[in-house]
Amino acid sequence: EPEVTQTPSHQVTQMGQEVILRCVPISNHLYFYWYRQILGQKVEFLVSFYNNEISEKSEIFDDQFSVERPDGSNFTLKIRSTKLEDSAMYFCASSERDGGLYGYTFGSGTRLTVV
Amino acid sequence: AQSVTQLDSQVPVFEEAPVELRCNYSSSVSVYLFWYVQYPNQGLQLLLKYLSGSTLVKGINGFEAEFNKSQTSFHLRKPSVHISDTAEYFCAVIASGSARQLTFGSGTQLTVLP
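Protein sequences appear in the order of chains A and B.
Numbered per our numbering, the first sequence spans residues 6 to 120.
Numbered per our numbering, the second sequence spans residues 1136 to 1249.
Everything labelled a hint here was simulated from the structure, so no lab data went into it.
One or more of the hints may lead you astray.
Derived lysine-lysine pairs resembling DSSO-like cross-links, with alpha carbons at most 27 Å apart [what the hints assert, rightly or not]:
{"no.": "1", "chain 1": "B", "residue 1": "1204", "chain 2": "B", "residue 2": "1184"}
{"no.": "2", "chain 1": "A", "residue 1": "88", "chain 2": "A", "residue 2": "47"}
{"no.": "3", "chain 1": "A", "residue 1": "62", "chain 2": "A", "residue 2": "88"}
{"no.": "4", "chain 1": "A", "residue 1": "62", "chain 2": "A", "residue 2": "47"}
{"no.": "5", "chain 1": "B", "residue 1": "1184", "chain 2": "A", "residue 2": "62"}
{"no.": "6", "chain 1": "B", "residue 1": "1193", "chain 2": "B", "residue 2": "1204"}
{"no.": "7", "chain 1": "B", "residue 1": "1193", "chain 2": "A", "residue 2": "62"}
{"no.": "8", "chain 1": "A", "residue 1": "83", "chain 2": "A", "residue 2": "62"}
{"no.": "9", "chain 1": "A", "residue 1": "47", "chain 2": "A", "residue 2": "83"}
{"no.": "10", "chain 1": "A", "residue 1": "47", "chain 2": "B", "residue 2": "1184"}
{"no.": "11", "chain 1": "A", "residue 1": "47", "chain 2": "B", "residue 2": "1204"}
If we take Cβ atoms under 7 Å as the criterion, some of the chain B residues that face chain A in the derived model are [said to hold, decoys possible]:
{"no.": "12", "residue": "1178"}
{"no.": "13", "residue": "1179"}
{"no.": "14", "residue": "1181"}
{"no.": "15", "residue": "1229"}
{"no.": "16", "residue": "1235"}
{"no.": "17", "residue": "1236"}
{"no.": "18", "residue": "1239"}
All C-beta atoms in this analysis are idealised placements derived from N, C-alpha and C, irrespective of residue type, glycine included.
Chain B with its partners taken away, still in its complex shape:
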């Protein structure tokens, strides 16, 4: 079985500051990694994913994440945040043997302050 831990439930940050949202996972098999974002009153939207290849992946809205296999982490970063980045961010994994079931972390609420 897989599990995903998002270490911070809430992250407040000032506008134009950098941010890192942390995600660690555990799994007995290979996994694929994802970040989803949920803006208020909207559905979950795919931000970026790591399937294979370069461990640094870039997503929409200037976000990037780095897969670190030895530390079983997939932290999300943005060098300069905007008010519009305020949302809930979910890290998720799919096990290589079960490509349909996303296992989610508990989410991190990012609040960008003016």
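Same shape as in the complex, but just chain A:
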């Protein structure tokens, strides 16, 4: 069964450093998403992306965050200057159609630890 692949599975970074989280969505999917889960809290929507543009973003997704599809297979989330409160599990997801009504396929996540 096709999978969404995320790398690395765990990343530790120092506060103030830039970090890039990488995702390879399912090959025929056109819609991409990032969610995150801070330890002990709920999974939260960050951003959706289609046709090289952000289609929707949450209040969490401020100027320190950016997303990019640098080539035909990767989808990345960049955090420009990490803060302690950015420590979380970050999930990438993709879908064949717009929106979640038909179900997203999620990756297994990248655990980001900011020290």
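Once you have looked at the hints, place chain B on chain A.
Structure of chain B alone, referenced to chain A:
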């Protein structure tokens, strides 16, 4: 805005026993409802969804859920669980006006005991 409440953070149950995982939601607009499952070291996987029609929906691995509009609930059930059902289960909603943003509950850890 929408919110989802999963009333039980942990549910231990013996193998072959029935289980119900509870989910309640609140929203000022119509919503669509989902259950996702996360097995250890894996991503979230869609278990089942309610978009419209019959309020009883069947999903993968023998799970089913019933949408109850008057009680704003979408409880997940399975008549007989297996060890392999041990996982975290997330209830989620999408508002009809914003089809991209899933709003999740806090999750229920189901542990099936031998």
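Agreement of residue 83/A and residue 62/A with the hint, judged by alpha carbon distance not exceeding 27 Å: Distance of about 14 Å is within 27 Å: holds.
Residue 47/A paired with residue 83/A [C-alpha distance capped at 27 Å]: Holds. Residue 47/A to residue 83/A sits at ~21 Å (cutoff 27 Å).
Residue 47/A paired with residue 1184/B [C-alpha distance capped at 27 Å]: Holds - the C-alpha atoms of residue 1184/B and residue 47/A are around 19 Å apart, at most 27 Å.
Hint status (Cβ of residue 1178/B to nearest Cβ of chain A, threshold 7 Å): 4 Å, holds
Restraint check for residue 47/A with residue 1204/B, where alpha carbons must lie at most 27 Å apart: 23 Å, holds
Hint validity - residue 1181/B Cβ closer than 7 Å to any chain A Cβ: 4 Å, holds
Given pair status - residue 47/A, residue 88/A, alpha carbons within 27 Å: With a Cα-Cα distance of about 19 Å, the restraint between residue 88/A and residue 47/A holds, given a limit of 27 Å.
Residue 1179/B as an interface hint toward chain A, with CB separation required under 7 Å: 4 Å, holds
Interface hint status, residue 1239/B versus chain A (Cβ within 7 Å): At 4 Å from the nearest chain A Cβ, residue 1239/B passes the 7 Å test, so the hint holds.
Pair hint outcome, residue 1204/B versus residue 1184/B [Cα-Cα no greater than 27 Å]: Holds, at roughly 15 Å.
Hint check: 7 Å Cβ-Cβ cutoff, residue 1229/B to chain A: 5 Å, holds
Status of the hint placing residue 1235/B at chain A (closest C-beta pair under 7 Å): 4 Å, holds
Of the numbered hints given earlier, the model fails hint 7 alone.
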